[in-house]
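*Asks:* Mind docking these for me? Both chains are given alone in their own frames, and the hints should help you get the complex.
In order, the protein sequences belong to chains R and G. Numbered by the working numbering, the letters in the first sequence go through residues 1 to 137 in order. Numbered by the working numbering, the letters in the second sequence go through residues 138 to 252 in order.
If you're looking for bench data, these hints aren't it; they were derived computationally from the structure. Here the structure is a predicted model, which is why all the values come from computation and not from measurement. For every residue, glycine included, the Cβ atom is placed at its ideal position computed from N, Cα and C.
Chain G stretches covered by chain R per the calculated footprint, using a threshold of three residues with CB under 8 angstroms from any CB of chain R:
#1 138-144
#2 147-160
#3 172-179
#4 198-204
#5 220-228
The lines below spell out each chain.
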Amino acid sequence: MTGFAYLVALLVSIGAMTLIDARWRLAFWRSPVASAIAIGAGTVLLVVWDLAGIEFGVFFRGDSPWATGVLLAPELPLEEPVFLAFLCYLSLVAVLGVERVLERRGAVRGAEAPDASDLQTPGRSTDAATRPDGRHA
Amino acid sequence: MTYSLIAVPFLAVAIVLSLATTRTLPAAARRRRWAATGLAAAALLVLTAVFDSVMIAAGLFAYADGTRLGPVVGLAPVEDFAYPIAAVLLVPAVWTLARRRGARARVMRTQRDDD
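Excised from the complex, chain G in its bound form (with noise of 0.2 angstroms):
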């Protein structure tokens, strides 16, 4: 259980984040922007599984017993897959972000500018 109680406020984070943002994107970039956010969560998890497998293979983590659902992909933990999800949805959305601020201060510039 722990595992996953850990993963829930950092979810919430980029759900807030991704859902908060979107709303803000003009029709057809917002429907753009989800329907590349599912294709890519998808690749992603497809790629977890497998990565996340050999890593756990490789020993380069181990987890504890009894801090986990118990259901996993490969060698994988399902609580591992919130990872990707959570940086699909919450990494896009602050570039998003980041990239208006950067527009709405180089047109402040450029109105300083030409007074």
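Looking at chain R on its own, in the form it has when it is part of the complex (with noise of 0.2 angstroms):
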């Protein structure tokens, strides 16, 4: 049983990551298709870089009674493409984040105006953000 604990670990982490997204509409509740492909290439990325990795013989699996032990690919643990994703996400949240405090804190000091890119036309943005229905895609 204890063989799921990082499994579980890095799911409720994404959880957790979620509802901040959904929260502050940063990421999926914003620009959900762009979202699914930059994290989708950011991770294909990462994997590609750990089979480098794994071809090489830089790291390997280790034997930890917190894994799973099920592999994709030799030396390839099911966690670990997971883990990649996570952490672009995690990437993708806090950049979008601060980039949203920053611009908060110019609009408050009325320095900056909002970016053109950032503006919606009324009825015609498809962000799950500012539709007015509310609903996500």
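*Replies:* Structural data, given as structure tokens:
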């Protein structure tokens, strides 16, 4: 049963990240398709990086009691792409979150106008955050 | 040495894509993106030092002898810190590009609908 500890910890962390994302509408709750593409691309790059490391014999799977032991490829555990996807999601939420804070501070000071790219035409946006019916794609 | 050399092409892809994307942003948005990237990277590096060490201590993965430069933070080899740096550069860049593409497609669709 402890074999699922790492995987469950990762899924709980991803769940917590989605709560932050939903609460402040930062990534999937703002541009769902772009978020999926970005996290997908990042995860693929990092998995290929991992596979290169495995190929060159840099690292290998440990014999941890906390891992399921399920392998997707030699020395590549099931948990690894989940971890890498979490790292990508965390990176995206962190950058977009700090951007939001900086933007708000700028707006309060009145020092800078909001970006043209973030100005939405009412009724034409497909961003969930600004859609009138409030439903998500 | 091996591990650090493996990181080079992946870091290069992330850096080039990030630079190419931020160049296309308006000045204010570009300044904000770099400030946010710096702050997020700092947070990610601290988290990596802590949790990479925890994951190595838990025996989730191990490293072969003679493939690393040597320096570690906690238990985490310095090369591992290239992962969060690549992620924090690449993922927001792809997000910005994908979002812009979506916006352009929407505008074209709307224009067609208006005809």
